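Order-wise, the sequence lines are chains D and F. My numbering numbers the first residue of the first sequence as 1 and each following residue consecutively. My numbering numbers the first residue of the second sequence as 243 and each following residue consecutively.
Over the 10 Å line for every Cβ pair with chain F, so calculated as not near, a few chain D residues: (1) 25; (2) 29; (3) 39; (4) 49; (5) 53; (6) 98; (7) 155; (8) 158; (9) 240.
The list that follows gives simulated cross-link-like pairs (lysine-lysine, DSSO-like), each with its CA atoms no further than 27 Å apart: (10) F:427 <-> D:185; (11) F:382 <-> F:315; (12) F:456 <-> D:185; (13) F:427 <-> D:192.
These are calculated hints, taken from the structure and not from any lab test. Since this is a predicted model, take the numbers as computed values, not measurements. C-beta: ideal position from N, C-alpha, C; glycine also.
What follows is the residue order along each chain.
2 protein chains.
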Amino acid sequence: MEIITSLENKKIKNLSKLLIKKYRDQEDKFLVEGEHLVEEALKAGKLIEVIKTEEYEIDYEVPITIVTYEVLKKLSNSVTPQKVIGVVKKLDEKEIGNKILILDNLQDPGNLGTIIRSSVAFNVDTIVLSENCVDLYNDKVIRASEGMLFHINIVKKDIEKFIDEIHSKGYVVLGTRVTDGENIKNIEVNDKLAIIMGNEGAGVRREVLDKCDKYLYIPMNESCESLNVGVATSIILYELFK
Amino acid sequence: MEIITSLENKKIKNLSKLLIKKYRDQEDKFLVEGEHLVEEALKAGKLIEVIKTEEYEIDYEVPITIVTYEVLKKLSNSVTPQKVIGVVKKLDEKEIGNKILILDNLQDPGNLGTIIRSSVAFNVDTIVLSENCVDLYNDKVIRASEGMLFHINIVKKDIEKFIDEIHSKGYVVLGTRVTDGENIKNIEVNDKLAIIMGNEGAGVRREVLDKCDKYLYIPMNESCESLNVGVATSIILYELFK
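Isolated chain D (complex conformation) (with noise of 0.2 Å):
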């Protein structure tokens, strides 16, 4: 059994790219850490190949290779990565479902995870990201996500397009917006439903806002201006979904 030592090593190296979004998008591959990630990414069916230590007991049909504690870093931005890593092929884009999550430039990569998390939680089908949202396959995306990703249909799209695409499909576009909102506890929830969330400080663009049909808010105390967007985002689909 052969065990790279090498920091050098070529395979390591070019795997190490993976963790740079540029070379994702080239390969059509991301990486995932920990038993927990690499075991979803199996069920998937998307996982290619684990890099591991030697003491790291597994057995799954896929190629394997072992590497000493200091390689398997490389692959990784924790301080004390866990001791398996698994090589996934990107997700599929599938077709759209009736309950929608639209995200308009979120860039918190913890937030996004979260919110991927809490949109299987309560049944959201499709999650559709804006282009210039967070990369999904950013590893603390995935690990906010605790694996979630796996389970839901993520697509990218032109936020505006895609809005005037199902709102000729006969879907409810649903903004979050305090004056003029409704109290989503008295909100009618359609069959076709799209929600809209938006960036951490600047929250939905106006242009994408203007083109809700109706705008809902969280009742809260006056002295709290805003929740974290992946709590208010949790309580929506909480709300609507569940």
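Given the coordinates of chain D, assemble chain F onto it according to the supplied hints.
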């Protein structure tokens, strides 16, 4: 007008120690960064002094020290800090109220900040932190709280003793548990209520959970095992306290 330009300046060196918990505890002070947080500290009557760059304009009746941006960076963990930093007196612990959130061994600073923000939004009056929670005055906690820590009573307690104490005062104590729990939609809300949420990985400790009067769960799709703890806490507060 004197401008501090030396990274070796004694005052700055002393203040930079407030980035470390031990010194925050010793000095009973902490740092906040950016106009919004400094103003929240001022409004709360806790702002001791301000450190800022020359071009940053403010007009507060507290001592102001002007420094170069390089010097100011010594007072922040951010790569590109905002140009005003406040030195703030730690908050006082007040009497507990009737709507209590207890956090047992919560570790992620972003989660604690988010939960503080949601607690203010949904009318919690007291947050109780176990001794081993992440430090309330950690810069990431403060940033994620968006200054809401100045709008709520936060106290540190031995959780097990605290539960016995509030039990004797007629509070109902709720824990989260999927098995044998009640759907949060159906929970009857008592006048004096405490909700316990736990650690990101391990949840609430068994010995603490055993002390609860009732258990609740958030209904969700079976593909998803659990929610982010900030999200779960926020949904429970939204459902029970709003």
